[in-house]
Structure formats: structure tokens, C-alpha cells
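Asks: Sequence:
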Amino acid sequence: MNTSKLNASILIVEPDQESLTQLTSLIEPVGLNVIIAQTGEQALDMIEKSVPAIILLNSQLPGMDGFETCSRLKQHQNAQAVPILLIKAMTECLDYRQVLSVGSVGTLTKPFQTNEVLMHIHVHIAQYQKPDTLVPENAQLKQQNAQLKQENEQLKLKIKCRQPTKNTLSTVEAKSCYQAKAQPGDGGPLLIGQSQPILKLLKLIRCVSDSDLSILIEGECGTGKERVAQAIHKGSAYAKGLFVAVNCSAIPSELAESEFFWAMRGAFTGAVSDRKGYFELAEGGTLFLDEIGEMPWCLQAKLLRALEERKIWPVGSSQPKPINIRVIAATNANLLEMIDAGTFRFDLYSRLADDIITTPPLRAHKEDIALLVEHFLNQ
Numbered sequence: 095m096n097t098s099k100l101n102a103s104i105l106i107v108e109p110d111q112e113s114l115t116q117l118t119s120l121i122e123p124v125g126l127n128v129i130i131a132q133t134g135e136q137a138l139d140m141i142e143k144s145v146p147a148i149i150l151l152n153s154q155l156p157g158m159d160g161f162e163t164c165s166r167l168k169q170h171q172n173a174q175a176v177p178i179l180l181i182k183a184m185t186e187c188l189d190y191r192q193v194l195s196v197g198s199v200g201t202l203t204k205p206f207q208t209n210e211v212l213m214h215i216h217v218h219i220a221q222y223q224k225p226d227t228l229v230p231e232n233a234q235l236k237q238q239n240a241q242l243k244q245e246n247e248q249l250k251l252k253i254k255c256r257q258p259t260k261n262t263l264s265t266v267e268a269k270s271c272y273q274a275k276a277q278p279g280d281g282g283p284l285l286i287g288q289s290q291p292i293l294k295l296l297k298l299i300r301c302v303s304d305s306d307l308s309i310l311i312e313g314e315c316g317t318g319k320e321r322v323a324q325a326i327h328k329g330s331a332y333a334k335g336l337f338v339a340v341n342c343s344a345i346p347s348e349l350a351e352s353e354f355f356w357a358m359r360g361a362f363t364g365a366v367s368d369r370k371g372y373f374e375l376a377e378g379g380t381l382f383l384d385e386i387g388e389m390p391w392c393l394q395a396k397l398l399r400a401l402e403e404r405k406i407w408p409v410g411s412s413q414p415k416p417i418n419i420r421v422i423a424a425t426n427a428n429l430l431e432m433i434d435a436g437t438f439r440f441d442l443y444s445r446l447a448d449d450i451i452t453t454p455p456l457r458a459h460k461e462d463i464a465l466l467v468e469h470f471l472n473q
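Numbering-wise, my numbering comes out as the position in the sequence shown, counting from 1, plus 94.
It is worth saying that the hints were derived from the structure and are not from the lab.
Treat the hints loosely; a few may be bogus.
With a Cα cut of at most 20 Å, we get these calculated EDC-like pairs of lysine to aspartate or glutamate [stated by the list, open to error]:
| hint | residue 1 | residue 2 |
| --- | --- | --- |
| 1 | K204 | E353 |
| 2 | K204 | E186 |
| 3 | K294 | E314 |
| 4 | K396 | E461 |
| 5 | K328 | E353 |
| 6 | K204 | D159 |
| 7 | K297 | D189 |
| 8 | K294 | E135 |
Simulated restraints on C-beta separations [said to hold, decoys possible]:
| hint | residue 1 | residue 2 | range |
| --- | --- | --- | --- |
| 9 | Q174 | N127 | 19 to 29 Å |
| 10 | Q171 | N418 | 35 to 45 Å |
| 11 | H469 | E402 | 38 to 48 Å |
| 12 | S103 | E135 | 13 to 23 Å |
| 13 | T115 | A395 | 17 to 27 Å |
| 14 | L336 | T133 | 40 to 50 Å |
All C-beta atoms, glycine included, are put in the ideal place defined by N, C-alpha and C.
Whenever a hint applies, use it, and build me the whole structure from the sequences.
Replies: Laid out in C-alpha cells, this is it:
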């Protein structure tokens with residue numbers, strides 16, 4: 095990854111000693127100089143003395159929390175161009191519009207994954223060392239700040255109305271919220287279980303459903319990744335549109351572009367009429383990309399462009415077509431290892447993984463087996 099060649103320092107703002115030790119053990123071996131602060135006030139003092147290449151900031155700080163600290167750091171001349179990643183717990187719900195509005199470039203999730211931490215640090219430090227690419231982005235973020243803050247207040251009101259009175263989901267709440275019937279023909283509840291892993295999963299689904307950010311679902315085969323995607327879709331603003339599921343591993347590479355991006359009549363031999371692609375079919379709804387790691391490299395670039403510009407270029411047409419969809423991807427492969435191997439694009443990974451949900455295997459919630467057996471016997 096060549097991170098050691100960047101000759102950079104990193105400011106870690108983390109009050110938890112165990113997390114701090116883990117992060118330091120991941121970062122120091124690649125040659126990066128670690129600077130430590132335990133509070134927001136200490137971080138502001140340190141930014142006066144030196145300018146790090148990147149800041150890792152816990153969202154839950156004593157006193158001045160991570161969001162306020164991030165906002166105040168971004169107001170300081172020394173930190174305006176420094177990328178800040180907010181650290182969150184796996185079960186912690188963050189409003190990602192607020193994450194962006196305070197100037198953060200994204201999040202890291204505890205417990206930390208070595209490849210994910212180092213990849214994010216490497217990419218953001220590389221961008222930091224190219225200020226010409228960051229200045230326009232910072233200017234654009236400033237212009238969007240007022241709008242994002244307004245949208246954030248509206249989202250807070252929506253979330254407050256939808257959240258249960260208690261901070262954690264009880265079994266009854268979990269059933270009432272998420273044992274709803276699936277799409278017509280599905281034949282049963284989307285998610286079944288009363289165990290802690292399932293309740294945590296349900297809480298994460300509630301957290302991400304209200305946003306329009308892209309979600310990456312990771313998990314072993316047979317752990318219900320598509321059902322999780324359906325649950326997110328049903329609880330989102332895109333629920334009135336279709337849920338279009340696509341298995342990326344089942345599409346021949348020579349047909350992939352026309353399958354995804356619509357083909358105009360005459361675009362190729364046999365195209366006797368306009369043919370809608372998956373993006374067009376999912377308009378106003380959710381496009382679920384299963385086995386995203388199997389997507390051909392050439393198609394990854396086109397998907398990235400569509401997600402960034404919110405437009406597609408139909409095969410055989412010179413005019414782009416605007417799209418309004420939510421994209422949820424899923425994989426049972428380790429995409430970060432694929433990035434290291436050069437078979438998956440990191441920029442596409444970053445675009446797809448605004449938030450990451452991991453589906454637990456059945457061996458992690460064996461106490462739900464009886465409920466599952468009862469459900470299937472009643473079918």
C-alpha cells in the first residue's frame with residue numbers, strides 16, 4: 095500500500111485506551127507518526143502546534159462531542175484541508191448528513207478491520223497531499239453547509255417521530271417493526287429472530303432506512319443479505335418504487351452494459367426496440383446489486399460514473415438520462431482484499447459503502463433456530 099512513503103502524521107482523538115491501543119498498533123508499523131488526544135479541547139490545542147495529514151475522531155467524546163469538535167476543527171485554518179474520519183461503534187446510529195455537514199469525509203467502525211483502516215488512511219492522505227483536488231471540494235462543502243444543516247434538522251424530527259420511546263429495541267418492537275410481510279409472493283416475514291445479533295441488525299436497518307445513502311451489506315452465503323436489503327427498501331423513501339435485485343455473477347460480461355444501462359433500438363445487432371436496463375427499471379426505487387465483487391472491471395467504472403453523476407448513458411445514445419434510485423450492494427467476498435489484489439476499484443467501494451451492515455451467520459444466533467423452524471413449518 096506504500097503508506098510509509100507518505101511521511102505523514104495522524105492525530106487520533108480517542109478517550110478509550112483499548113481502541114487507542116488497537117489503532118496505534120495498526121498505524122505505527124507502516125511508518126506513520128501518531129499524535130494522541132483524548133478530548134476535543136486537547137485536539138484543538140494540538141492543531142495550533144502542528145498540522146496532521148489526517149484526523150481520526152471518536153464521535154462520542156466526553157464534554158465537547160465528536161461532531162462539535164469536528165466542526166470547530168474545520169473552522170481552524172490549520173485543519174480546513176485536513177480529512178477527518180469519525181469513529182463509531184458498530185451499533186451506533188449516525189446521521190450521515192450530519193457527518194458530512196460538520197466536515198467529516200466519512201466514518202470508521204469499531205471493532206477496527208486492519209485493511210479498512212489502512213486503506214481509508216492511505217487514500218485520504220494521498221488526497222490531502224494534492225491540495226488542488228481538495229480546495230474545490232471544500233468550497234463546495236461550505237456552499238452546501240446551510241442546506242445540509244436544514245435537512246439535518248428535518249431528519250432529526252422524522253427520526254424522533256419514528257423511534258420507540260426506549261433507546262433499545264425490545265422483542266415486541268422488533269417484531270412489530272420488522273416481521274412485516276415482504277414483497278408479494280415472498281411468503282413470509284423479512285427477518286425473524288429475538289437474539290441480540292438480530293436486534294442489533296434491526297436497529298442498524300432502522301438507522302439507515304431514512305437516508306438515501308448507498309449501503310454495502312457483507313456476510314456469508316445464506317445469511318439473508320437480500321432480505322436485509324428488502325427491509326431497508328421497505329422502510330425508505332424509495333418504498334413506492336420497485337425493488338430490483340440483480341445477481342452480478344449471473345450476467346455475461348458481453349451483455350452487462352446493455353443489461354444495466356438501457357439499450358436504444360439499433361444500438362447493436364438484434365436490438366429491434368428500446369430495452370430498459372436495471373437502472374431504468376429501478377427508477378424511483380432500489381437497485382440491489384448482489385455479489386458486487388463479481389462485477390467486471392470495465393462495468394465498475396461505468397457504475398461509479400452513474401452513482402457520482404446520478405445519470406446513465408444508454409447504449410446507442412449520446413444523451414445522458416437522469417436517475418433517481420437508491421443502490422444497495424451485497425457481497426460474501428472481502429472487497430478490501432480484492433482492492434489490494436487490483437480486481438475491485440477502491441473509489442467504487444467508497445461510493446457504495448456509505449455505511450456497512452454485516453449479516454450474522456446462524457451459528458452466531460442459535461437461539462433463533464426454534465423461531466425459524468416454527469416459521470417454516472407454518473408455511
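Asks: Are the hints correct? Go through all of them and say.
Replies: Each hint, compared with the structure:
no.: 1; hint: K204 with E353; result: violated (38 Å)
no.: 2; hint: K204 with E186; result: holds (10 Å)
no.: 3; hint: K294 with E314; result: holds (17 Å)
no.: 4; hint: K396 with E461; result: violated (43 Å)
no.: 5; hint: K328 with E353; result: violated (25 Å)
no.: 6; hint: K204 with D159; result: holds (17 Å)
no.: 7; hint: K297 with D189; result: holds (13 Å)
no.: 8; hint: K294 with E135; result: violated (32 Å)
no.: 9; hint: Q174 with N127: 19 to 29 Å; result: holds (21 Å)
no.: 10; hint: Q171 with N418: 35 to 45 Å; result: holds (39 Å)
no.: 11; hint: H469 with E402: 38 to 48 Å; result: holds (41 Å)
no.: 12; hint: S103 with E135: 13 to 23 Å; result: holds (20 Å)
no.: 13; hint: T115 with A395: 17 to 27 Å; result: violated (39 Å)
no.: 14; hint: L336 with T133: 40 to 50 Å; result: holds (48 Å)
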